[in-house]
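Trainee: In case you want the letters, here they are:
There are 2 protein chains.
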Amino acid sequence: METKLEVTEILKRYSADIDKEINRALETVDPETLLQASEHLVKAGGKKLRPSLAVLSAEAVGGQVKSALKTGAAVELIHTFSLIHDDIMDQDEKRRGKPSVHVIWGEPMAILAGDTLFSKAFASVMQSEDDGVTPELILPALHTVVDSCVKICEGQAMDMGFTERMDVSEEEYLIMIYKKTAALIAAATKAGAILGGGSPEQVEALAEYGRLIGLAFQIQDDYLDVASSEEDLGKPVGSDIVEGKMTLLVVHALSQASEEDKKRLHTILKEEGDENVSEAVAILEKYGSIEYAWKVARENVNQAKELLIDTLDDSSSRDALLLIADFVLERSN
Amino acid sequence: METKLEVTEILKRYSADIDKEINRALETVDPETLLQASEHLVKAGGKKLRPSLAVLSAEAVGGQVKSALKTGAAVELIHTFSLIHDDIMDQDEKRRGKPSVHVIWGEPMAILAGDTLFSKAFASVMQSEDDGVTPELILPALHTVVDSCVKICEGQAMDMGFTERMDVSEEEYLIMIYKKTAALIAAATKAGAILGGGSPEQVEALAEYGRLIGLAFQIQDDYLDVASSEEDLGKPVGSDIVEGKMTLLVVHALSQASEEDKKRLHTILKEEGDENVSEAVAILEKYGSIEYAWKVARENVNQAKELLIDTLDDSSSRDALLLIADFVLERSN
Numbered sequence: 001m002e003t004k005l006e007v008t009e010i011l012k013r014y015s016a017d018i019d020k021e022i023n024r025a026l027e028t029v030d031p032e033t034l035l036q037a038s039e040h041l042v043k044a045g046g047k048k049l050r051p052s053l054a055v056l057s058a059e060a061v062g063g064q065v066k067s068a069l070k071t072g073a074a075v076e077l078i079h080t081f082s083l084i085h086d087d088i089m090d091q092d093e094k095r096r097g098k099p100s101v102h103v104i105w106g107e108p109m110a111i112l113a114g115d116t117l118f119s120k121a122f123a124s125v126m127q128s129e130d131d132g133v134t135p136e137l138i139l140p141a142l143h144t145v146v147d148s149c150v151k152i153c154e155g156q157a158m159d160m161g162f163t164e165r166m167d168v169s170e171e172e173y174l175i176m177i178y179k180k181t182a183a184l185i186a187a188a189t190k191a192g193a194i195l196g197g198g199s200p201e202q203v204e205a206l207a208e209y210g211r212l213i214g215l216a217f218q219i220q221d222d223y224l225d226v227a228s229s230e231e232d233l234g235k236p237v238g239s240d241i242v243e244g245k246m247t248l249l250v251v252h253a254l255s256q257a258s259e260e261d262k263k264r265l266h267t268i269l270k271e272e273g274d275e276n277v278s279e280a281v282a283i284l285e286k287y288g289s290i291e292y293a294w295k296v297a298r299e300n301v302n303q304a305k306e307l308l309i310d311t312l313d314d315s316s317s318r319d320a321l322l323l324i325a326d327f328v329l330e331r332s333n
Numbered sequence: 001m002e003t004k005l006e007v008t009e010i011l012k013r014y015s016a017d018i019d020k021e022i023n024r025a026l027e028t029v030d031p032e033t034l035l036q037a038s039e040h041l042v043k044a045g046g047k048k049l050r051p052s053l054a055v056l057s058a059e060a061v062g063g064q065v066k067s068a069l070k071t072g073a074a075v076e077l078i079h080t081f082s083l084i085h086d087d088i089m090d091q092d093e094k095r096r097g098k099p100s101v102h103v104i105w106g107e108p109m110a111i112l113a114g115d116t117l118f119s120k121a122f123a124s125v126m127q128s129e130d131d132g133v134t135p136e137l138i139l140p141a142l143h144t145v146v147d148s149c150v151k152i153c154e155g156q157a158m159d160m161g162f163t164e165r166m167d168v169s170e171e172e173y174l175i176m177i178y179k180k181t182a183a184l185i186a187a188a189t190k191a192g193a194i195l196g197g198g199s200p201e202q203v204e205a206l207a208e209y210g211r212l213i214g215l216a217f218q219i220q221d222d223y224l225d226v227a228s229s230e231e232d233l234g235k236p237v238g239s240d241i242v243e244g245k246m247t248l249l250v251v252h253a254l255s256q257a258s259e260e261d262k263k264r265l266h267t268i269l270k271e272e273g274d275e276n277v278s279e280a281v282a283i284l285e286k287y288g289s290i291e292y293a294w295k296v297a298r299e300n301v302n303q304a305k306e307l308l309i310d311t312l313d314d315s316s317s318r319d320a321l322l323l324i325a326d327f328v329l330e331r332s333n
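Chains as they are written, first to last, in the working numbering: chain H, 1 to 333; chain B, 1 to 333.
FYI, nobody ran anything at the bench for these hints, they're computed from the structure. Backbone N, C-alpha and C define an ideal beta-carbon position, used for all residues, glycine too.
Sample of chain H residues at the chain B side, in silico, Cβ under 10 Å:
1) LEU34
2) ALA37
3) MET109
4) PHE122
Beyond 10 Å from chain B on every Cβ pair, some chain H residues (computed):
5) GLU6
6) ALA44
7) LYS94
8) SER239
9) GLU275
Put together the whole structure using the sequences plus the hints.
Mentor: Right under this line is the structure:
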């Protein structure tokens, strides 16, 4: 719990500057409807974890906060763009406690709002020139961010393909969540390190730190869906099972279970409704899949922390990055 | 007709190199379904006008073809991305004589395919470094391309807003088609001129040339919808009227017509079906709106040509750009 409070304090430290950059990036969007649809989710909150990671990574290699602010904002815009398009694809009607963009403005405007945030994100990275960053640093940072966008699309496409399959290997699953979730977090830390003037070794370490905590973040999400409470989650326990989603828990159980249990889990994932969720959870428990997921998430976080301790000099930014790694596991939602 | 043949020859000259860059940009896309959905429209043809404009602009300021090839490919990818998303928004089921992407792969995969092309476009511009272009030129070229993407979204949002209004001014209409259509063409010529090492004056002239022929291109589309034949158009004459679209012809007629004719035109645009198309065309004719649109398109093309003649030295690339300007008006579809 203490970690959570400390991390909240850290994230607060940069949030005003980050919000300013996000607002600056969007302020000229026109017409008004497109602006409103584009701003809706950005203004609905969110922890601003990704931009803070970019800024902390720049600081942790000895750079200035300023150098990574516009790129941090860009990463948040890309995250928001992907949420808007995902909500259309998955027909999710709520996001951050508010109606999704397509629910309010319709699908065509929601597609456009996503595309607008996407465009503005790249513009924001390039505007780092106004903060004194040289083209030689902006270009590789932008490359990192653009590559992560391709991966987000690929990861989402993989995830869509998984729902029709019951033979997803753990390796495939990890590639999918790397692309869908961890790549953007890794882009934030890597681009931050580049813009802060980090050495190639530091840049690589921060990229890897981002990848590892990104994986842990998604696996923890999978874990909490079964191990947390409806109160903490803000949605019923076992939603992933009801939606038939591939999670590390399910992938593990399907690889370990008896033919009979495998078939039963398969059937429950395919069926509509939530009647048999507790039976599915019992199968996951029987094969140690819940504990397994927690363990994998923990290992990723430990590896991420060791890497930073080995590569970066001690600093308050490094401490903050270490705390954020722990925070990934201490969330209850 | 001769212009058309000559322009076809010009476009052919670069098409193999452009196709190679487009393929290179997309070759690593994974999984296979996402690759297929992303490539579908690219492979369905298209004149590759925009990438050729980028390359010709680079040459016309004394630069090398190679410097603008990857950015030309990027502009084509952005054009294709916008077609895929537009077809979802407008529920258009055919494009380039083939089923639209969302018809074959469903809306979620079509949204993703568009997002993928969008990401790959920016990656392609940045890879110009492999062709020996410096970051100092890549960054402003990329800026130009990114800005045009924001405008495409804004133009599409404006266009969507217009369908509910009957008081669209000519000025508003021209801003809309500038953003929706001309901005990307202007980005192709401007980025090409930047990458070719053009002077600020040459870059500005080519940007303006692109804007003017882009406007003419869209206005000519509006004009042909009423003035061409079903055989040439590949769709019934007056489709824009049936769909209730704002065109320069309609905007002009609504600003000139008697109250009675205005109301009647308004009613026909709002109604379903095509029974009264010829009556609407008669109103457009009565107020000289068809001729007016043709005249505006012609003026834009003349201005574009004069600008190039005044600013650029005589060269085969300049000649090609002058021919392409005329070609915009000599199309029959």
